[in-house]
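Take the sequences, apply the hints, and build the full model.
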Amino acid sequence: MDRLVLRDLAVFETVARHRSFTAAAAELGISQSSLSYAVSQLEGRIGMALLARTTRNVSPTQAGQRLLDTLVPALKDIDEGLASLQEMRETIAGSVRLTMVPVAFETILRPALKSFRETFPNVSVEVSLDEGLSDIVAEGFDGGIRFNMLVEKDMVSVPLTRSTAVSIVASPDYLEKWGVPADPDDLVSHACIGYRYVSSTRLYRWPLARGKKKAEYETDGTLVFNDGAAIRAAALDGLGLAYVFRSQVRNDIDLGNLIPVLTDWLPDLPGFSLYYPNRVRTAPAFRAMIDHLRTTI
130 MDRLVLRDLA VFETVARHRS FTAAAAELGI SQSSLSYAVS QLEGRIGMAL
180 LARTTRNVSP TQAGQRLLDT LVPALKDIDE GLASLQEMRE TIAGSVRLTM
230 VPVAFETILR PALKSFRETF PNVSVEVSLD EGLSDIVAEG FDGGIRFNML
280 VEKDMVSVPL TRSTAVSIVA SPDYLEKWGV PADPDDLVSH ACIGYRYVSS
330 TRLYRWPLAR GKKKAEYETD GTLVFNDGAA IRAAALDGLG LAYVFRSQVR
380 NDIDLGNLIP VLTDWLPDLP GFSLYYPNRV RTAPAFRAMI DHLRTTI
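In terms of my numbering, the sequence shown has 283 at position 154, counting the first letter as 1, and numbering is strictly consecutive.
It should be emphasised that the hints constitute simulated quantities derived from the structure, not laboratory data.
All figures in this text were calculated on a predicted structure; none of them were measured in a lab.
Even for Gly, the Cβ is constructed at its ideal location relative to N, Cα and C.
Where hints are given, some of them may not hold.
Cross-link-like lysine-lysine pairs, in silico, DSSO-like; alpha carbons within 30 Å at most [what the hints assert, rightly or not]:
#1 Lys306 - Lys343
#2 Lys342 - Lys306
#3 Lys282 - Lys205
Each pair of labels, with its calculated beta carbon distance range [said to hold, decoys possible]:
#4 Arg146 - Arg291: 43 to 51 Å
#5 Arg239 - Arg146: 39 to 47 Å
#6 Ser286 - Leu200: 27 to 35 Å
#7 Thr425 - Asp349: 40 to 48 Å
Put into structure tokens, the structure is as follows:
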């Protein structure tokens, strides 16, 4: 529906309720001529007169009354809905503590955080960015965000994204010196920057696939980090190829500071989920965060 129609319907209801353009103009704070124009536009769209106007009186026509019978309850429902939202904004308070990997913050929480804070100003938010897997119960977190397949079975899991795109990138200087790999077999002649899991301490193997061909490439361990930002920085410094989340390097690629390679060998990783302990009752502040993320992601 045209948004102007919604505006004109509200104007029509106000005029019909007061049976006066003068009183309606005072309530809405706009001129009588603007009200008259809005009602005329609405009548023009419908093709029927909605108000009978005389020098002394304004009253709904038969068509106008029929429209009011539907319109008045609908406007009342909208008013009550807005009032309940305002009440929720004013009454929900408390704190929310979350843990997540940095890329989950950048791609999921950060885009939603401003609107959450504006909607729930009485809720404080604390975020711990950690490449490892925190024990949210032992460390006092309300919940966390991690890859779907890493959520423990005894946790409540709320899927937020279906998949996560990745890239293998290197600086232009590095590729000019060492060449562009055309196939996974070419990686053995390149410096591949590794990632070591904080929790298990094992090196991450790069999952590669094209059609029915699948492979996992294990970096040689000559340059290893346990932080995604450090891996990106090393790639920018020309130290080798980096396997990173695409969201981490999108701007670098757009600016030409990093060049993606082996793009047809990179399947998306699983998506992220919000997870939390299976409790009987979830605190209102955390429930507000859950609902907000589900509706904004």
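Results of checking the hints against the structure:
Pair hint Lys306 plus Lys343 holds up; C-alpha atoms about 28 Å apart against a cutoff of 30 Å. Taken as a hint, the Lys342 and Lys306 pair is honoured in the structure, with Cα atoms around 29 Å apart against an allowance of 30 Å. Of the supplied pair hints, the one linking Lys282 and Lys205 is violated, its CA atoms being roughly 45 Å apart against a limit of 30 Å. Take Arg146 and Arg291: their Cβ atoms lie about 48 Å apart, and the range 43 to 51 Å holds.
At about 45 Å, the CB distance of Arg239 to Arg146 agrees with the hint of 39 to 47 Å. Checked against the given bound of 27 to 35 Å, the beta carbons of Ser286 and Leu200, roughly 43 Å apart, lie outside it. A C-beta distance of roughly 41 Å is found between Thr425 and Asp349, which places it inside the suggested range of 40 to 48 Å.
Violated hints, listed in ascending order, are 3, 6; each of the other numbered hints is respected by the structure.
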